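**Student:** One letter stands for each residue in the lines below.
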Amino acid sequence: MSIRTIWRKGLNVVMLSLTGACALITVSVLGLVLGYLVWNGGKSLTWAFFTQLPTPVGVPGGGMANAIVGSAKLLLLASLFGMPVGVLAAIYLAEFGGKTFSFIVRYTTDLLNGVPSIVIGIFAYALVVVPMHHFSTLAGGFALGVMMIPIAVRSTEEFLRAVPNNLREGAMALGASKWKTIATVIVPAAFQGIMTGLLLDLARVAGETAPLLFTALTNRFWSPGWNNPIASLPVMIYDYALSAYDDWHRQAWAAGLVLLALVLIVNIASRMLMSRRASFSR
Amino acid sequence: MATASSTFEPAAPIHTGPRSFLRRLTDGDEIAHLITLVFASSILLVTFLLLYRLWADSADARHQFGWHFFYTSTWDPVSGDFGALPFIYGTLVTSALALLIAVPLGLGAAIFLAELAPRKISDSLAFLIDLLAAVPSVIYGLLGIFVLVPLMRTVVAPFLKATLGFLPLFQGPSYGVGLLTAGLVLSIMVVPFIISVSREVLLSVPSDQREAALSLGATRWEATWKVVVPFARTGIFGSVFLALARALGETMAVTMVIGNDPRIASSLFAPGYSIAAVIANEFSEAVGNLYVQSLIELALVLFLITFILNGLARILIVATQQKGMS
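Line by line, the protein sequences are chains U and A. According to my numbering, the first sequence holds residues 1 to 282 in order. According to my numbering, the second sequence holds residues 283 to 608 in order.
Be aware that a few hints might be false.
Pairs of lysine-lysine residues, derived as PhoX-like cross-links and limited to a Cα-Cα distance of at most 25 Å, are as follows [said to hold, decoys possible]:
no.: 1; chain 1: U; residue 1: K180; chain 2: U; residue 2: K99
no.: 2; chain 1: A; residue 1: K605; chain 2: A; residue 2: K508
no.: 3; chain 1: A; residue 1: K605; chain 2: U; residue 2: K99
no.: 4; chain 1: U; residue 1: K9; chain 2: A; residue 2: K605
Label-pair restraints from in silico Cβ distances [claimed, not checked]:
no.: 5; chain 1: U; residue 1: Q52; chain 2: A; residue 2: V600; range: 25 to 33 Å
no.: 6; chain 1: U; residue 1: M272; chain 2: A; residue 2: W349; range: 47 to 55 Å
no.: 7; chain 1: U; residue 1: E158; chain 2: A; residue 2: L331; range: 21 to 29 Å
no.: 8; chain 1: A; residue 1: Y353; chain 2: U; residue 2: Q52; range: 47 to 55 Å
Just so you have them, the derived chain A footprint on chain U, three or more residues with Cβ under 8 Å [said to hold, decoys possible]:
no.: 9; segment: 57-65
no.: 10; segment: 109-115
no.: 11; segment: 247-256
Treat the hints as calculated values from the structure; they're not laboratory data. For clarity, every value in this text was computed on a predicted model and none was experimentally measured. Glycine is no exception: its CB is placed at the ideal position from the N, C-alpha and C atoms.
Turn these sequences into a full structure, and let the hints steer you where they fit.
**Tutor:** In structure tokens:
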């Protein structure tokens, strides 16, 4: 073997192992993230965390029951606003849309998806908080709803397009009108996929903090109705992590564990569901 | 006879004047079309409204400061004098650091996943990397504050000072928080985007490209680096733009570890400030029209930059995938 061949073969082995190392490093970061949260969060996670209100500064104990309920309320509002817009727009794109206009809508959706979440927060502030003159659950839900739209559109459209064309033709051949075909054949056929997509979308905005900072703000007590500032898990994690109290730091870890567990479980479950479906259809 | 002829009428006659339009209206087709069209247009409306609000609500600040806003570095709410240079600097430096780390790491991992790993391993690793992208940014911030910041102060900064301390980049005291820490956290956050998009782009390179290179006697690495990667180059650039847009706009994790100090320092250990972080910290407490408007102008800047970067990224990625298909 010439020196050049040895060099080329050596380079081959070295570079290929380096790429393997890159993949390993990236994946191990996930392990570290999980490990730290389970270790630190597990230590401080108590039953009281789920059932009690935050205690005043200096009083140990307490929990984040209000933030858990708050996150749920915000996500409910976000779903009520974001999902119908996303799904109906996707039905337009997949079933009705022409060429140019659909392209513009799709492109804009992608761009909206890339808008930094803090900018969405300012948008919701200008559109909801300023006219109402106060921070509210409504404003927070609106901000999260706007964040949900792009992914809802793209994933729903993808699943609608995956419905085989002969189902459409079959329904049409039986004399069904177009919307009847969509409502009774196409959407039911894609239903499971659409739902998993929306669930993933929900999991994504569940962790959003920035859009809530000046829309929903936070609250150390229960927030009745929809017109008061409200606590949410991500904002509580942010506030508590930056505080100066050890007890609050522990609670931040606990909240982090709960949030991460929620997000990852939804992600894993829905991705498995999706891949199983994909293998069925193959 | 009349009933028979109406029974055999085609269900949905196409383009035949006002009567058929009425027919389609009663079928519900036109209504469904219209309703979904309204919702599809509402996305355009929301995006337009977003741009309009940011533009209109920063009008006073734009008139007052003009272009000075971007190259002066006073940030003084008391006297109402605002210049955004320190924030722009912090944003650019942290994003550049993030890319410096994330691009080689992500590209390496993507090559491994697309070219070397068996399909099953590749899929499950890609699955784990997608999970990494799903971790909320406030959790990266939490880990940043309590894990990475002490580590930077006690291990990484002394090490860098000892080895590369002759460079001004690595001089001065380290508090743990600072530009370098923020860049590191950002790199972890954007690496999944680079990997998943690059992997897809690499997988869409036709296999005859690889086979041709291998049959000419190229090693596996040469075939990858000299043939496959150049073929997928535009798409990989697209993934980098996508990651850059994420890094520029990332708020929570950066706010928690950057140090929040509007200064321009040559050292990477020094605390800094980013555009998104200053909005997050000061917007809800900002009093005075000009103060609020200056923050909104920063949001406008962020919006426009990410808008352009994302637009470019999409075009590049789609172009590469189509090249692979043809």
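**Student:** Are any of the numbered hints broken by this structure? If so, which, sorted upward?
**Tutor:** 4, 5 and 9
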